[in-house]
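Chains as they are written, first to last, in my numbering: chain D, 1 to 151; chain A, 152 to 281.
Don't take each hint at face value.
[Claimed, not checked] Pairs of lysine-lysine, DSS-like flavour, derived with a Cα cap of 30 Å: (1) D:K145 - A:K153; (2) D:K151 - A:K153; (3) D:K145 - A:K278; (4) A:K254 - D:K145; (5) A:K254 - D:K140; (6) D:K140 - A:K269; (7) D:K140 - A:K153; (8) D:K151 - A:K269; (9) A:K278 - D:K151; (10) A:K189 - D:K50; (11) D:K145 - A:K269; (12) D:K151 - A:K254; (13) A:K231 - D:K140; (14) A:K254 - D:K50; (15) A:K247 - D:K140.
Derived by calculation from the structure, the hints in this document are not laboratory data. Bear in mind the structure is a predicted one, so any value in this text is a computation, not a measurement.
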Amino acid sequence: MSIFHAINTSASALTAQRLRMDIASSNIANANSTRATINENGEWEPYRRKMVVFEPKDNSFQSFLNTAANRPSTPGQGVEVSAIVEDEEPFKQMYNPAHPDANDNGYVLLPNVNPLQEMVDLMSATRSHEANVTAINATKGMLMKALEIGK
Amino acid sequence: MKLFSETFTLLENSLNYTTAKNRSISNNIANVDTPGYKVKDVVFKQVLDGEMNNLEAKRTNSRHFPFTNEANSPYTTVTKQGTTYNHNGNNVDIDKEMNELAKNQILYQALVDRMGGKFRSLENVLKGGN
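Assemble the whole structure, with the sequences as input and the hints as a guide.
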């Protein structure tokens, strides 16, 4: 067991929350991108909203053994992003016949991004990031204090 | 007469406990946005005695190695099932965790201070008060 275990745990969360902020930023930035991918028919498709999937990082042999034997668990090793998934919600439609990507009926498909939702997600990620920074500082304070033993 | 009194062992155990608690609090804060994550807490084993008894039975000989390397420590980590604060099955109460973090940090510093004090008084004795 490393004495820096708790710092590593919090650092994994900082990485994960930063990725979440990046994804939310990317979603906001592409809120109007009508040409993101090309589908099977060779046509442009709008940007699809992306989401991160968080998973507790607890993949030690010890933790699996504990789960199997119904024993008390180990503290775990933080959090990890297991996947970035795309939102399968339908695209927004807007009537704009002048748009270069408008279909025959004059409708344009727009990304399924809701900027409000992304802002809320961004705020939540910021707060979680700050909480983890506080946790790192607490651990750091404890480790520095431990060095004073015997002084 | 023992040079190092039992107070050192007690302080050492308490320091180990606060370190383990810090690890689990850090992990809880790290997983505040993880769907389905349940809070983990470090508790002293005496509290769990009733539940722990059946686990000891898995070792047929006391000389067998225990499954966890923490089996000899006086505390253990438990997962708190049953509650949910968030619609995604997560039960981390961030306010509680931040409070626990602050409390644990102060406790740790107090323990280190006390340990330092013990060493200083020992040193004082060894030097004959000079």
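For each hint, the structure was consulted:
| no. | hint | verdict |
| --- | --- | --- |
| 1 | D:K145 - A:K153 | 27 Å, holds |
| 2 | D:K151 - A:K153 | 22 Å, holds |
| 3 | D:K145 - A:K278 | 26 Å, holds |
| 4 | A:K254 - D:K145 | 15 Å, holds |
| 5 | A:K254 - D:K140 | 15 Å, holds |
| 6 | D:K140 - A:K269 | 24 Å, holds |
| 7 | D:K140 - A:K153 | 34 Å, violated |
| 8 | D:K151 - A:K269 | 11 Å, holds |
| 9 | A:K278 - D:K151 | 16 Å, holds |
| 10 | A:K189 - D:K50 | 25 Å, holds |
| 11 | D:K145 - A:K269 | 16 Å, holds |
| 12 | D:K151 - A:K254 | 24 Å, holds |
| 13 | A:K231 - D:K140 | 27 Å, holds |
| 14 | A:K254 - D:K50 | 38 Å, violated |
| 15 | A:K247 - D:K140 | 20 Å, holds |
The earlier numbered hints that this structure contradicts are 7 and 14.
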